[in-house]
Amino acid sequence: MSNPGRVRGLTIMSTWAWPLPPAEFHTRIFPWRMMHAPLVGPYLLGKHRALAGRGVYLSVVDREKFARNTQAAYEAALPDPASRLLTWVWPRWIPLDENVRALECFQWLERELSRSKLPTLLVWGREDEVFDAVTFSNRFKQMLPHAEGPILVTGRHFLQEDSGPEIADLIRLFLDRLDKGEGAR
Amino acid sequence: MHDDRVTVIGKPDLHGKRLSFALAEDRIAHYPEFRDFFVRTFDLDRKGLAEPGFVRAPSGLAYALIFVGRSGEPFPSGVEIHAIVDALEPLDCIVLDRDLWAILRWMIGGVGAPWIVEDFDRTGRLYRVPAAPAV
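Chains as they are written, first to last, in the numbering used here: chain A, 15 to 199; chain B, 507 to 641.
A few chain B positions that, by computed beta-carbon distances, are all more than 10 Å from chain A: (1) G522; (2) S526; (3) L555; (4) P639.
Listed next, the in silico DSS-like pairs over lysine-lysine satisfying Cα-Cα at most 30 Å (straight line): (5) K553/B - K523/B; (6) K61/A - K517/B; (7) K523/B - K61/A.
Derived by calculation from the structure, the hints in this document are not laboratory data.
The C-beta atom is built at its ideal place from N, Cα and C for all residues, glycine as well.
Using the sequences and the hints given, assemble the complete structure.
Here is the structure:
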């Protein structure tokens, strides 16, 4: 959003983009705040690769398929504690109250998105329990009333693992419509 | 494994020993109550950087908690945990992991509500940490 001239369109999937309120999941000590608490984060997510080794697995619908076909790729991409740094640093940037250092960053993001007229596609994981479809996709729809969707697909937070080909088709068709000048702005 | 198996100790005899790095945290006050716990436990408002905090873990090994200060931030801003081991001997990774688990569990218990060791144990089990206690 800091360089909209280089952006042709947006696809937004199972996330959030405002300072407050947080997702209810992010306010819980078990497991969210505990897993990246001081010292616990470097231990659990760094030494014990909790995100790549278990967290993503827990956040897909078809866990057997993920474990069989994909989990090794996540683990290979995050092979050591140094490469896993962001897996506990990033969660600490998610605002939980008005005192956090990321507040201004998310205020800016919400403001810029609200002004955006970029063609936008909303795709949401039907089973996402962190950013549930009703609450979070609807707020994006209010923020970006011209957006297409939300289109619900099978998936939790890592919805691309359950519906990768379907999501790719949705994006490809969205881009085709932009090429033809049919995209909503 | 119980909290009482981690105890605060005085400075151990470091002759013939070395410090083996185990774990680091550069934002100990991400949740401020964690910094408060270390300040309270090791009298850091008075001692500052004068010496590490020392604990003995379930294996019997002593650990040094080396606190880190950063200009412009309340002290401490970070902490490194080092195992104190025989200078020419390797450190058993399984022993180290169990000790770290115990030290973190002791820390959570010391930080206090709403942080509770039961939630720490549940988190460890959820993410299949070998040192986490079974149900």
